[in-house]
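Visitor: In case you want the letters, here they are:
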Amino acid sequence: MNGNLSKLTSFHVTGIKPALEAEDAGERSFRPALFAGYGDLTKLRYDYPVVLVESAAGSKFAQSLSDVVDGILREIAPQGAAGERLRKHVLKLEEELRGLVSQKDGASLLDLWDAAEKSLLTRTEKAARDLLRDSLERARNALHVDGEVLDCDEATPTRFITRGWNVVQAAKIHAVKKRIEHLVLKLSDILRADYMKTEEARSAEIFRASVGTAYDEAFDFSAMSGILAKERAGDLLPDSRRQRVQAALTVLQAQRFHAPLHDFEQTVVRQPLYDFVFDSCAAALEAFRGRLPEMVEVIKAMSIAELEIQNLYRESRHEPFFERFDEGALGPDDLALFPSYLICLRDERIDPAEAGRIFELLNSDLPAKILVQTDDLLRNLSLSAGQTSSVGGLELGTMALGLNKAFVLQATNASLYKQREQIVNGLRRDGPALFSVFSGAMPRVAGVTPYLLAGAAEESRAFPVFAYDPAAGPDWALRFRIDDNPQAEADWPVHRMMYEDRDLQGTSEKAAFTFVDFALCDGRHGADRVPVARGDWHDDMIPVVEHLDLAEGHAPDKIPYVLMVDENDRLQRVVVDDKLIRAARRCGAMWHSLQELGGINNSHARQLLDREREVWEQEKGEELAKLAKRAEPAGDASPAVAPPPPAAPVETTIEVEAAAEAPSDEPYVETPRCTTCNECTELNSKLFAYDENMQAYIADPDAGPYRQLVEAAESCQVSIIHPGKPRNPNEPNLDELLERAAPFN
Amino acid sequence: MGIPVSECLLKLMAEGYTLDDYRGDIPPRWCTGCGDNGILAAVQRLCRDEQLPPERTVFVSGIGCSSRFPHYMNAYGFHGLHGRALPVAEGVKLRRPDLHVFVSTGDGDCCSIGAAHWIHAIRYNMDMTVLMHDNQIYGLTKKQASPTSPRGVKSNTTPRGTYLDPLNPLSVTLGVANVSFVAQAADWIPELLYDIISEAYHHKGFSFVRILQRCPEFMPHQFDPWVQNPDKMLLLTHEKGVQLSAGLSKVYRKQEAHDPGDLHRAREIASLSEQIPVGILYRDSDVPCYEDVRMVDRLHTPDVIKGVLEEEFDKFTIWPSE
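Heads up: the protein sequence lines correspond to chains A and B, in order. The first sequence begins at 1 in the numbering used here and counts up one residue at a time. The second sequence begins at 1 in the numbering used here and counts up one residue at a time.
Mixed in with the good hints there might be a few duds.
[Claimed, not checked] Stretches of chain B that chain A covers, calculated by requiring three or more beta carbons in the stretch to come under 8 Å of a beta carbon on chain A:
#1 40-49
#2 183-191
#3 214-227
#4 266-276
[To be verified] Derived lysine to aspartate or glutamate pairs resembling DMTMM-like cross-links, with alpha carbons at most 20 Å apart:
#5 Lys254/B <-> Glu291/B
#6 Lys186/A <-> Asp98/B
#7 Lys204/B <-> Asp49/B
#8 Lys250/B <-> Asp220/A
#9 Lys92/A <-> Glu54/A
#10 Lys178/A <-> Glu274/B
#11 Lys178/A <-> Glu291/B
#12 Lys172/A <-> Asp569/A
#13 Lys88/A <-> Asp114/A
#14 Lys177/A <-> Asp333/A
#15 Lys172/A <-> Asp297/B
#16 Lys177/A <-> Asp303/B
#17 Lys186/A <-> Asp231/B
#18 Lys104/A <-> Glu84/A
#19 Lys306/B <-> Asp569/A
#20 Lys232/B <-> Glu268/B
#21 Lys306/B <-> Asp70/A
#22 Lys725/A <-> Asp702/A
#23 Lys43/A <-> Asp70/A
#24 Lys177/A <-> Glu315/A
#25 Lys725/A <-> Glu632/A
#26 Lys510/A <-> Asp569/A
#27 Lys178/A <-> Asp98/B
#28 Lys197/A <-> Asp146/A
#29 Lys177/A <-> Asp297/B
#30 Lys178/A <-> Asp231/B
#31 Lys230/A <-> Glu217/A
#32 Lys579/A <-> Glu619/A
#33 Lys300/A <-> Glu315/A
#34 Lys186/A <-> Asp303/B
#35 Lys17/A <-> Asp569/A
#36 Lys186/A <-> Asp49/B
#37 Lys178/A <-> Glu268/B
#38 Lys204/B <-> Asp231/B
#39 Lys177/A <-> Asp49/B
None of these hints come from the bench; they were simulated from the model. Values in this document were obtained by computation on a predicted structure and should not be read as measured data. For glycine and all other residues, C-beta sits at the position ideal for the given N, C-alpha and C.
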């Protein structure tokens, strides 16, 4: 073992940095080798920038700039060479736009578009300018969306989720607002109809006011009032009902949860509307609790209004119910009628009390939508023994799964756009939801954009993407999804890396992206790595991913390394200490348990499979053994004959078809066939009557003579009356009647 | 989204309507033996089984024996002008889509004077149940030939018998754009009459049910061959249509499994001459309803109404010249 190798081994085990002979002096900056291909993101077409589209519904609230531009090109540029010029020009504009987004934070798409168009035109040669202007004008005419343009940075998660929340909220509450306004209108109608019956409403002054001044002379309003006052107006509403309707109307008009859709003749002064966006759970909970009595009043007023409008309010029945109606009676359906509470948190500011409140909310039925943004994913990594840290976004996400009640989405800035449907899904649900998002804006990472770092956190399993939706179905298979992670089936995602070797020949190798690669992006971990000069490369150095595959402590002589590139994009092996390896193992273990929950390599399923396989193999083995035995030449000459199958039990019960209804001596009517034509009931309404379906039956066979039964049978147009045999043998002309009855029996 | 508390209260406090709650104050004045009685009984049964609140149910009719129907129902009613039941019903539905609208019309009312409204009502496809009582004669005015009277029927207007073949209401309806529900029932098979009316009620759209209805007074024995010989009837059954009870299956042995989605077969069935088909000929639940297409998403608040009126008045206002 050469000197440097032993120093590296000692570094790996102890973490004490060695002074290597061949190493350059000074701290050098390294990036994971797989990042080498991604420098300036503004040159690439990817999910960002995102346009937060105004007046969009559902998951369309966010559209990536590339999607918007593609949509425009599909509309205006014909396929093939004919559309080539348009495509080229518009894509150039898109590139210009990307460059501008980072400079003009929060600008709208149209403003950016104009600015990009202007700068592009000024930079273009005069000869080509007209064609470019024409292309851009056509594209601009096909641009149908506008809204704030977001780049991927620290502020993105809050802005993205808040917009989603606004869109979902508006759609969800629209129906409720309409309902409330409908109720207000109908209640006002009840009161106005009542008012019109009062003497006041029939006074000459009211009539005069309603006709206006032009015809003042032409009418005698007093006479009109006198005539109308004589008319009986009908009863006025009882006082209790009028007061009840008035009270419900007041509550609905004064409520501060929903903004009105229309201008109403407000008879009540409304206080400013409530706010539903908070930056702490404590404030949100306090607001919710403070508003509860008012929510109860609104629900009560809506229920009373519904009943009053349908004229179904019964004081004796409903009064006791509404008297007892309080906060305890509010169910999830009632809560769904109010806006949800959006709480935006940063994980470094979550103290234990706030963490407790987060769980309190997630474990409730309250409509709390909590966004926890994590910026510094690796802060726990630099803790020394004995130090503990508070719960961060990463822990909250997995812990919330255990509550089994809340919607949970864990994602990073890089996948926020891809997860927009899940976001809308979680915001739409009635109950609580947690959105745990890693922004990628790590404080001590220079030279790597937040988007790339967020993507790296997903790739390295440091911040896996998953969604848990308890409303999606009864089991984990339906509720839980991890398949949006890169190569979700694998322990670590593996990519093919292309590079030039020393002889300038293109070559490639497979490289896994592990937690160690991600951690090394962070400048704080400079002490945990040592670049190794090529001369010191040794067979005992193995890639980290192989090292992680070895059982812990099984290869003390192997030194793990990762591939990184320096400032000049030169490939390096960087040896890491055991502290990072341990952290990577923890991360891997966490990923495995998520995989299991997501149905990948589930240990229970594997055990069951093993057991079943064992049983199957055993059974098969026995069967084979039996067959082998039978195949051996038998002692006697007669060939083995399989025993005859046991005789099937003879079916002794014979399906007896229900005997045709025997002609009865009793008179009867085939009631279901009766056409309610009144023939028989008019003949004798005591003998024949209608049942609850208005179809005839024989109510009392003794209520009339046999003659009437026969006449009814004869007059029945659908021939469903059967007179049977006479009950009174002394009735006259029986022989003739029996003869007439014969066809109907 | 409902209003959970009051919905639950409504359920708890439901009054529970009986068939008697749907009977009007006047007993039906149709002739004894008239098929209309059976139609009335079936509709009253339906109202009870569906627990339709009488104050949210409307029966609209034109003129004729059939059109006396609203008088015998305890619900809102509109006994309108001859042939104009459908436009009235459309107006009701357009303004009050929350009401259950039924229309009773006859072969004269619908297929003669009201034919234009009928055609367009099919095309408008508004959600209502239309019962066309077809007794093939004008009964209320004591026997005049109607468009559906069979050729040769002698009546007060056709003393030498009618000269033309009758109009076939089923094939006419099936030929109009946007048709969404067509069925035929016979008053002498009350079980199926009820089932068909029930299916028509549950269909969202213009449900047209032609009901063959016996008139013992002016067309006696007209339907006797079919009443007395069940084998001349063709019962249409399907899992998407109506199913027959065991008892009915035994009596009516001629059956055809007809998919109500099959418009071409429906047209063939409608044109059968010897056999009378009974069942659902055609149903398409995807045809949009006019009241939904034209629904305005705004509340008619007093301010809105005032604003619209002012706007209209302003069009005719003559402003004094300055």
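Visitor: Each of the hints needs a verdict: does it hold here or not?
Guide: Hint-by-hint comparison with the structure:
no.: 1; hint: 40-49; verdict: holds (count 4)
no.: 2; hint: 183-191; verdict: holds (count 5)
no.: 3; hint: 214-227; verdict: holds (count 3)
no.: 4; hint: 266-276; verdict: violated (count 0)
no.: 5; hint: Lys254/B <-> Glu291/B; verdict: 39 Å, violated
no.: 6; hint: Lys186/A <-> Asp98/B; verdict: 14 Å, holds
no.: 7; hint: Lys204/B <-> Asp49/B; verdict: 18 Å, holds
no.: 8; hint: Lys250/B <-> Asp220/A; verdict: 77 Å, violated
no.: 9; hint: Lys92/A <-> Glu54/A; verdict: 25 Å, violated
no.: 10; hint: Lys178/A <-> Glu274/B; verdict: 55 Å, violated
no.: 11; hint: Lys178/A <-> Glu291/B; verdict: 18 Å, holds
no.: 12; hint: Lys172/A <-> Asp569/A; verdict: 52 Å, violated
no.: 13; hint: Lys88/A <-> Asp114/A; verdict: 18 Å, holds
no.: 14; hint: Lys177/A <-> Asp333/A; verdict: 15 Å, holds
no.: 15; hint: Lys172/A <-> Asp297/B; verdict: 16 Å, holds
no.: 16; hint: Lys177/A <-> Asp303/B; verdict: 18 Å, holds
no.: 17; hint: Lys186/A <-> Asp231/B; verdict: 56 Å, violated
no.: 18; hint: Lys104/A <-> Glu84/A; verdict: 30 Å, violated
no.: 19; hint: Lys306/B <-> Asp569/A; verdict: 75 Å, violated
no.: 20; hint: Lys232/B <-> Glu268/B; verdict: 17 Å, holds
no.: 21; hint: Lys306/B <-> Asp70/A; verdict: 47 Å, violated
no.: 22; hint: Lys725/A <-> Asp702/A; verdict: 12 Å, holds
no.: 23; hint: Lys43/A <-> Asp70/A; verdict: 16 Å, holds
no.: 24; hint: Lys177/A <-> Glu315/A; verdict: 27 Å, violated
no.: 25; hint: Lys725/A <-> Glu632/A; verdict: 81 Å, violated
no.: 26; hint: Lys510/A <-> Asp569/A; verdict: 18 Å, holds
no.: 27; hint: Lys178/A <-> Asp98/B; verdict: 16 Å, holds
no.: 28; hint: Lys197/A <-> Asp146/A; verdict: 54 Å, violated
no.: 29; hint: Lys177/A <-> Asp297/B; verdict: 12 Å, holds
no.: 30; hint: Lys178/A <-> Asp231/B; verdict: 56 Å, violated
no.: 31; hint: Lys230/A <-> Glu217/A; verdict: 23 Å, violated
no.: 32; hint: Lys579/A <-> Glu619/A; verdict: 49 Å, violated
no.: 33; hint: Lys300/A <-> Glu315/A; verdict: 14 Å, holds
no.: 34; hint: Lys186/A <-> Asp303/B; verdict: 14 Å, holds
no.: 35; hint: Lys17/A <-> Asp569/A; verdict: 24 Å, violated
no.: 36; hint: Lys186/A <-> Asp49/B; verdict: 29 Å, violated
no.: 37; hint: Lys178/A <-> Glu268/B; verdict: 47 Å, violated
no.: 38; hint: Lys204/B <-> Asp231/B; verdict: 33 Å, violated
no.: 39; hint: Lys177/A <-> Asp49/B; verdict: 33 Å, violated
Violated hints, listed in ascending order, are 4, 5, 8, 9, 10, 12, 17, 18, 19, 21, 24, 25, 28, 30, 31, 32, 35, 36, 37, 38 and 39; each of the other numbered hints is respected by the structure.
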